[in-house]
Amino acid sequence: MSDGTFLLSISGQIEFVELMSTAGSCYHCKYEFFTGPDWKIIGGLETGISQIANVISNNDKVVFNFPVDAQFKSTNLFGWPQMVLSIYKETTLEGYGRVHLPIKPGRRHLEVNLAKPQASSLLGYIGSFFGYQPELLQPKMLASTAGNNLIRMETSGRAHMSFNVISQGLLRLGYDLGQTNRE
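Heads up, the sequence shown is in this note's numbering, so the first residue is 10 and it goes up one at a time.
Since the hints were derived computationally from the structure, they do not count as laboratory data. All of these numbers come straight from a predicted model, not from anything done at the bench. A virtual CB, placed ideally from N, CA and C, is assigned to each residue, including glycine. Among the clues, some could well be false.
[Unchecked claim] Distance ranges between label pairs, derived from CB positions:
id: 1; residue 1: K49; residue 2: N173; range: 18 to 28 Å
id: 2; residue 1: K39; residue 2: D12; range: 32 to 42 Å
id: 3; residue 1: T84; residue 2: L54; range: 18 to 28 Å
id: 4; residue 1: A32; residue 2: Q80; range: 38 to 48 Å
id: 5; residue 1: V72; residue 2: N122; range: 13 to 23 Å
id: 6; residue 1: K70; residue 2: R181; range: 38 to 48 Å
id: 7; residue 1: D12; residue 2: K70; range: 40 to 50 Å
Put together the whole structure using the sequences plus the hints.
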């Protein structure tokens, strides 16, 4: 790799989400990666959807243990990969979460706050009484800063994830992310 590129590999899982769950309810989650213009996914999936997790006891954890594996290639740190989560209870949105992938290599545990949009009009408030939940047409927009300050959100829970992070070629390009071993 002498073309000025570096590699980033992540593998791990979306372990569980903490939210108000009732016994007998079903949940699933979606994820998608958002990167800058110089980044390219060279392995793994850009988006994924989990299996259905059934809640048996009335507690605050919904366990997914959903595997995530992706490899990226870039020439620039700008646009470091972000993951956007969407958590659903059956077909109703329970919350969105967004997090940058860890920069430092090694085993990393991430806790991501979840939030869901609030209704922004009288019609939306009336619809919420009938079970309507506002959703974003493109959840990836949360990874950019364009217009996010205009969205009213309410906290809805927290997602827990763990990843193994491996990078290659960063030291050669002059980036030191606190790696313990030299390339």
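**Message:** Tell me the numbers of any earlier hints that the structure contravenes, in ascending order.
**Reply:** none
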